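**Student:** Letter by letter, the chains look like this.
Protein chains: 2
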Amino acid sequence: MNVLVLGGNGFLGSHLVDRVVELGHEVTVFDRVQPRVARNLEHLKGRIRIINGEFENRRALRESLEGQDIVYHFIGATYPLASWKDPFIEIDLTIKNSVAMFNNAVEAGVKKVVYPSSGGTVYGRQRSPFTEETPTQPFSPYGIAKLCTEQFLNYYRDVNGIAADIYRIGNPYGPRQAVGSVQGVINIWMEAVLEGEEFLVYGDDANIRDYIYVTDVAELMTHSLDDLGTSETFNLGTGEGVSILRLLQVFERTLDAKPKYRVLPRRPSDNISSVLNSSKLLAHFPGYRFVPLEKGIKATWEDLKRRYRAYPDIS
Amino acid sequence: MNVLVLGGNGFLGSHLVDRVVELGHEVTVFDRVQPRVARNLEHLKGRIRIINGEFENRRALRESLEGQDIVYHFIGATYPLASWKDPFIEIDLTIKNSVAMFNNAVEAGVKKVVYPSSGGTVYGRQRSPFTEETPTQPFSPYGIAKLCTEQFLNYYRDVNGIAADIYRIGNPYGPRQAVGSVQGVINIWMEAVLEGEEFLVYGDDANIRDYIYVTDVAELMTHSLDDLGTSETFNLGTGEGVSILRLLQVFERTLDAKPKYRVLPRRPSDNISSVLNSSKLLAHFPGYRFVPLEKGIKATWEDLKRRYRAYPDIS
Chain Y
3 MNVLVLGGNG
13 FLGSHLVDRV
23 VELGHEVTVF
33 DRVQPRVARN
43 LEHLKGRIRI
53 INGEFENRRA
63 LRESLEGQDI
73 VYHFIGATYP
83 LASWKDPFIE
93 IDLTIKNSVA
103 MFNNAVEAGV
113 KKVVYPSSGG
123 TVYGRQRSPF
133 TEETPTQPFS
143 PYGIAKLCTE
153 QFLNYYRDVN
163 GIAADIYRIG
173 NPYGPRQAVG
183 SVQGVINIWM
193 EAVLEGEEFL
203 VYGDDANIRD
213 YIYVTDVAEL
223 MTHSLDDLGT
233 SETFNLGTGE
243 GVSILRLLQV
253 FERTLDAKPK
263 YRVLPRRPSD
273 NISSVLNSSK
283 LLAHFPGYRF
293 VPLEKGIKAT
303 WEDLKRRYRA
313 YPDIS
Chain A
3 MNVLVLGGNG
13 FLGSHLVDRV
23 VELGHEVTVF
33 DRVQPRVARN
43 LEHLKGRIRI
53 INGEFENRRA
63 LRESLEGQDI
73 VYHFIGATYP
83 LASWKDPFIE
93 IDLTIKNSVA
103 MFNNAVEAGV
113 KKVVYPSSGG
123 TVYGRQRSPF
133 TEETPTQPFS
143 PYGIAKLCTE
153 QFLNYYRDVN
163 GIAADIYRIG
173 NPYGPRQAVG
183 SVQGVINIWM
193 EAVLEGEEFL
203 VYGDDANIRD
213 YIYVTDVAEL
223 MTHSLDDLGT
233 SETFNLGTGE
243 GVSILRLLQV
253 FERTLDAKPK
263 YRVLPRRPSD
273 NISSVLNSSK
283 LLAHFPGYRF
293 VPLEKGIKAT
303 WEDLKRRYRA
313 YPDIS
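Which chain is which? The protein sequence lines are Y and A, in order.
The first sequence maps to residues 3 to 317 in this note's numbering.
The second sequence maps to residues 3 to 317 in this note's numbering.
Since the hints were made in silico from the structure, they are not lab data.
Every value quoted in this text rests on a predicted model; they were computed, and no experiment measured them.
Please note: incorrect hints may appear among the correct ones.
If several chains are the same, the list does not tell them apart, and a pair holds so long as it fits within one copy or across any two.
Here are the simulated lysine to aspartate or glutamate pairs, EDC-like style, with alpha carbons at most 20 angstroms apart [unchecked claim]: (1) Lys113 with Asp228; (2) Lys307 with Glu65; (3) Lys47 with Glu24; (4) Lys307 with Asp229; (5) Lys300 with Glu197.
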């Protein structure tokens, strides 16, 4: 089938593209990155179509939607910490642009929209693990906008009959995460190590997250391709809680470099505990085995070192 | 104290103004209606300050916020049925304008923001009665935007320490509801009767609503004046469910005119059942007695007839 991946050169998007190409589908990527510098898709040259455009360019977006069966929407405005400072970015770039895209997808006859939401923020400050039935109560503009966008997508499903799959993803990490980004603690720590800088560890043993390797995210999100007529909301995490201090231990044990860091109290923009019960989704993947944390961290580290060597301008 | 009422010439707003003036506070109204035609505030001439402006006029809005202790925000973009057709109106006019106001209120040093949300839409299609703990799941753009705005208000509370009271109101009715509006079934039916036209009744005995007389809404919302330091989310309804067909019976019995109507199936934009358990709020009003439905409908009818006579151009 014809699969459009918005933000397909990005971190999550490019891994999803890899897996969907492997499955034999026709993939179109819509991304703001110029095709010639779309490094995360270099290895797929000639095998996918890349359309270059800004998400705000409604005309380019509409063209990319023509003839597509399903669209994965990986274009995100910002991240929890930045959104904490300016909620308007989330309103305009997450909510409004996404709703415009849903509208265009309906008009283009797309059968299903897949929306990656945030398991780490939509449930807010409650005791985890969270199921999909846990009441939502986001408190950061990032989480508020993600939930609002989910609800608008379900509105389009109700009114126009377009199918809508929502994945509330844990804390993804892995190769290809943007360098210089401030999202993804594992990525941020590793960059600091490579730069020989000290990094900051916010929180204590009560700060629990559900870290999930990016290829696991991609693999599990291909579930949406199985049936273009169904609409579901799924949690997408490993179900295993790892405290920030345990993560630090694994980090120190796995890296072939000595990290320098300082432990500070939790920030108000951070959740305390966030672990996802994903049994609803995993029921479609019997016997599924997640990439173990140590293995994932090692692969992420090797990738980041390789990119630092290949593109010295990267930092 | 100094009380600003945004949309203070409107239906809910003007009744709140009445009550707050009675309680002896200094009231400023910000409304798009020119003071000389602000009919719902005519009787308060000289006792309140009226600032004329559009909600989108950030400068006029900022000026009105200066020196205020508390602001009641009654400016709404639209209503559930209209929002069903165009979600962008809700994003821009409800979410974005409200967040801009919260931002301005913080900057102006306002101590509390009071936001009238919608008990009829934020809980969505679930079995009522709803408590404030019932998981929210709005399905109309109107309800989605109301909930999102609630959450952004709580974000400003968390980050800036401004107090925030949210009232999730049932189906308010009563004198002064806008003529020619399509919001408020009681109002719509009465206008049709006055015009000698047939009206449409959507739904059956399963369509249950929590109709609340507008002075009850105003009285109960004055709770926010008691303590400018507290922040709460309250349901605001009578707790009594009335089916659309029972409402029709009361209507026929109470009006001194013969209504013509047709009963049609429920619309997809409508909720099925929506009754609010408001015991959290009523705990602050021991022995509170609501205006009974018959009495409220009679008063609403007399008011509408009087307005039709006084302003023949009204329709």
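**Student:** Each hint should be assessed against the structure and marked as holding or not.
**Tutor:** A quick look at each hint next to the structure:
no., hint, result
1, Lys113 with Asp228, "within (13 angstroms within a copy, 53 angstroms between copies)"
2, Lys307 with Glu65, "neither (38 angstroms within a copy, 55 angstroms between copies)"
3, Lys47 with Glu24, "within (14 angstroms within a copy, 73 angstroms between copies)"
4, Lys307 with Asp229, "neither (39 angstroms within a copy, 57 angstroms between copies)"
5, Lys300 with Glu197, "within (18 angstroms within a copy, 76 angstroms between copies)"
Violated hints for the displayed structure, listed by number in ascending order: 2, 4.
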